[in-house]
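Visitor: Sequence:
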Amino acid sequence: DDKTEEGFKQEERLIIQSNAIFVKLEKRSV
Numbered sequence: 001d002d003k004t005e006e007g008f009k010q011e012e013r014l015i016i017q018s019n020a021i022f023v024k025l026e027k028r029s030v
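Position 26 of the sequence shown, counted from 1, bears residue number 26 in this note's numbering, the numbering being contiguous throughout.
In short, the hints are calculated from the structure, not lab data. Please note that a few of the clues may not be correct.
As the list claims (entries may be wrong) - Here are the simulated distance ranges between beta carbons:
(1) VAL30 - LYS3: 37 to 43 Å
(2) ASP2 - SER29: 40 to 46 Å
(3) ASP1 - VAL30: 29 to 35 Å
(4) LYS3 - SER29: 36 to 42 Å
(5) VAL23 - LYS3: 26 to 32 Å
(6) ASP2 - PHE22: 26 to 32 Å
(7) SER29 - ASP1: 28 to 34 Å
(8) ASP2 - VAL23: 30 to 36 Å
(9) ARG28 - ASP1: 36 to 42 Å
(10) LEU25 - GLU5: 39 to 45 Å
(11) VAL30 - ASP2: 28 to 34 Å
(12) LYS9 - VAL30: 39 to 45 Å
Idealized CB from N, CA, C, for every residue including glycine.
Using the sequences and the hints, build the whole thing.
Guide: Here is the structure:
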């Protein structure tokens, strides 16, 4: 399914973004 693949990529991008933000916050608090 094309739509399923597209949705999966969007979800993956969101996860990567939130992970990057989390890492930034972690580094700042250390």
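Visitor: Now tell me, hint by hint, if it's right for this structure.
Guide: Structure-based check of each hint:
no. : hint                     : result
1   : VAL30 - LYS3: 37 to 43 Å : 41 Å, holds
2   : ASP2 - SER29: 40 to 46 Å : 41 Å, holds
3   : ASP1 - VAL30: 29 to 35 Å : 43 Å, violated
4   : LYS3 - SER29: 36 to 42 Å : 39 Å, holds
5   : VAL23 - LYS3: 26 to 32 Å : 31 Å, holds
6   : ASP2 - PHE22: 26 to 32 Å : 31 Å, holds
7   : SER29 - ASP1: 28 to 34 Å : 41 Å, violated
8   : ASP2 - VAL23: 30 to 36 Å : 32 Å, holds
9   : ARG28 - ASP1: 36 to 42 Å : 40 Å, holds
10  : LEU25 - GLU5: 39 to 45 Å : 31 Å, violated
11  : VAL30 - ASP2: 28 to 34 Å : 43 Å, violated
12  : LYS9 - VAL30: 39 to 45 Å : 32 Å, violated
The earlier numbered hints that this structure contradicts are 3, 7, 10, 11 and 12.
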